Amino acid sequence: MSLKNKLHILKRKYRSKKMAPAFNALHTFLYLPNETTHNGTHIKAADDLKRTMNTVIMAMVPCLLFGMFNAGYQHHLALGEIQSVTGGLFSAEFWTLDNFMVGFWKIIPLVIVSYGVGLLIEFIFAIINKHEVEEGYLVTGMLVPLIVPIDIPLWMLAVAVVFGVVIGKEVFGGTGMNILNPALTIRAFLFFAYPTWMSGDKVWVHGAVERDQAIAGGQNLDAISGETILGALAQSKEVAYSTVDMFLGFIPGSVGETSTLLIILGGLFLVFSKIGSWRIMLSSVIGAIVMGLIFNQVVASGWIPESSNFYGLMSAPFWEHLIIGGFAFGTVFMATDPVTASQTNKGKWIYGFLVGFISIMIRVFNPAYPEGVMLAILLMNVFAPTIDHYVVQGNVKKRMKRVKVKTA
Amino acid sequence: MGLLSKKDAKLITDPLADNNPITIQVLGICSALAITAELKASLVMGIAVLFVLSVGNVVISLMRNIIPSKIRIIVQLIVVAALVIVVDQVLKAFAYELSKTLSVFVGLIITNCIIMGRFEAFALANGPWKSFLDGIGNALGYAVILIIVGFFRELLGSGTLFGIPVLGDPIEKTGVYAIGYENNGFMLMPPMALIVVGLIIWVQRSKNKALIED
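Taken in order, these protein sequences are the chains called A and B.
Each residue of the first sequence is one higher than the one before, counting from 1 in the working numbering.
Each residue of the second sequence is one higher than the one before, counting from 1001 in the working numbering.
Careful, some of the hints might be misleading.
Stated by the list, open to error - Using 25 Å as the maximum straight-line C-alpha spacing, the simulated SDA-like pairs for lysine to any residue come out as follows:
1) B/Lys-1207 - A/Gly-173
2) B/Lys-1207 - A/Ser-301
3) B/Lys-1207 - A/Ile-121
4) A/Lys-130 - B/Trp-1202
5) A/Lys-130 - A/Tyr-241
As the list claims (entries may be wrong) - From chain A, some residues computed to sit far from chain B (all C-beta separations above 10 Å):
6) Arg-12
7) Leu-79
8) Val-85
9) Met-101
10) Ile-108
11) Leu-119
12) Asp-245
13) Trp-303
14) Tyr-369
15) Pro-385
16) Asp-388
17) Gly-394
18) Lys-401
Source of the hints: derived by calculation from the structure; they are not laboratory data.
Predicted model, so just to flag it, every value in this text is computed and none were measured.
A virtual CB, placed ideally from N, CA and C, is assigned to each residue, including glycine.
Please model the entire structure based on the sequences and the hints provided.
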């Protein structure tokens, strides 16, 4: 008997039992449901929640694979075992099986923990609340491993996932009800709870922290620096990477957010499949550019002394902000989350613009929080309903005026 | 309790659970968030409020028939302020370090809504003995929540209880730190206190469904 038939039988057996949602979820996830609506429905769309979620995951797969190669590459590079890339995107030093395997064995556990813990909680809540398991966690579960440093201990990730899913989502009523993006809630929790594992110049390269502890323990080794571009800029130091490297993603950073090129590809895929909102992506980029230009202008007109703490980041050209740090990834995959973003079209423009604007502002003014985009999106998540409210009210007012003019 | 009649005993036990000033009335949240990073501070804050609220309730109750209703808020404020200054001075004299940790929050007991709330809602309408019990009950209800929150925040945030390491030494890597455990820095920040209070409210209301309001 095939697995499918077994699941059918199990499902029938457990129907209206306590564990039913768990079996149903497994069944719908693996196969097409065997019951369809027979009457009364006039619109049939193929893009249900499951397909929407899978589309986003597909858009992220290139970033995930690239992240695996990059993890190994950064590791070997930092240890001085290989030379840095020279041949652009198709550098032979980068696309080696060796690089891939290092990243693979580090990243796959992150993915497993993220999905395992997150789905377990979803299943528990579905059973307690007697509703079907919703697909909401599918995207979150893939986002989480992409936005954490590679060496993050797995138990920390598990704790953060429990926190993010319960406090960020389930207390509000589950998928579709949450105010904050769950993946970012998880990252924010990690960031504030375990800052030594989430920021600084050691955590972004696999092995750097271990090496550091070995040196502290008295071993004679060279320290690894995984210094980030943002960190270097904040200290007004020379950046060690070329612009092309930054754009292609041959730089240290969270697992899946380094390659702007692949993020743009994923973004285009989301826009053309009409899953992600191009309004949010575009306006967020505009917001970041505006803020970057303002800072550049401030520097150009000499209002700020070179000794200032903000000088380094302020004087970085505005376009550079778009390709370093997590800005691109946040804009494409997190700000566009349909649940937590603004729903109205005009609202999306305002929301996106402020995400970009505030991201760069936090990044420059508070080097302690280099990942301004995380905080900016969470902040705007909170304001999204307010923005929508005023957009809708504005519309109502406009229409009321029209009615009055007609009757007068 | 032989000492108290059933009605009087209820004045003390009610605010401990089903009419808790923090989790049910959602008063006094500000100090509950600010000073609960350490268990010791939570405990001292609880005692300070216990003193101010029980004595203040008695004083207001004794004066309840001679306070002109127009200026009663000012009179209440003066009573609280006087008591708070006493607490503040005692802390400064006998527990200086602790009074520095609590900093302005001792002074801010004046603005603790629980105190003014009990004066207005109870002491102005009841006799001194009942008011005293009501003050004790509400302050204990406040202190219980503070201590629960302080317990979890100090244990998970610093790995200590009352300043004594209970989980091992994070620098020497003994105890649970030897297997890779780390303190949760988020626990020491006020937002986490809000979440812990929220979790307490969640647990309490799922145990007693009657408390859930729509």
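Okay, the hints, checked on the actual structure:
{"no.": "1", "hint": "B/Lys-1207 - A/Gly-173", "result": "holds, 19 Å"}
{"no.": "2", "hint": "B/Lys-1207 - A/Ser-301", "result": "violated, 63 Å"}
{"no.": "3", "hint": "B/Lys-1207 - A/Ile-121", "result": "holds, 20 Å"}
{"no.": "4", "hint": "A/Lys-130 - B/Trp-1202", "result": "holds, 18 Å"}
{"no.": "5", "hint": "A/Lys-130 - A/Tyr-241", "result": "violated, 53 Å"}
{"no.": "6", "hint": "Arg-12", "result": "holds, 32 Å"}
{"no.": "7", "hint": "Leu-79", "result": "holds, 23 Å"}
{"no.": "8", "hint": "Val-85", "result": "holds, 34 Å"}
{"no.": "9", "hint": "Met-101", "result": "holds, 24 Å"}
{"no.": "10", "hint": "Ile-108", "result": "holds, 20 Å"}
{"no.": "11", "hint": "Leu-119", "result": "holds, 22 Å"}
{"no.": "12", "hint": "Asp-245", "result": "holds, 33 Å"}
{"no.": "13", "hint": "Trp-303", "result": "holds, 34 Å"}
{"no.": "14", "hint": "Tyr-369", "result": "holds, 14 Å"}
{"no.": "15", "hint": "Pro-385", "result": "holds, 20 Å"}
{"no.": "16", "hint": "Asp-388", "result": "holds, 25 Å"}
{"no.": "17", "hint": "Gly-394", "result": "holds, 31 Å"}
{"no.": "18", "hint": "Lys-401", "result": "holds, 37 Å"}
The earlier numbered hints that this structure contradicts are 2, 5.
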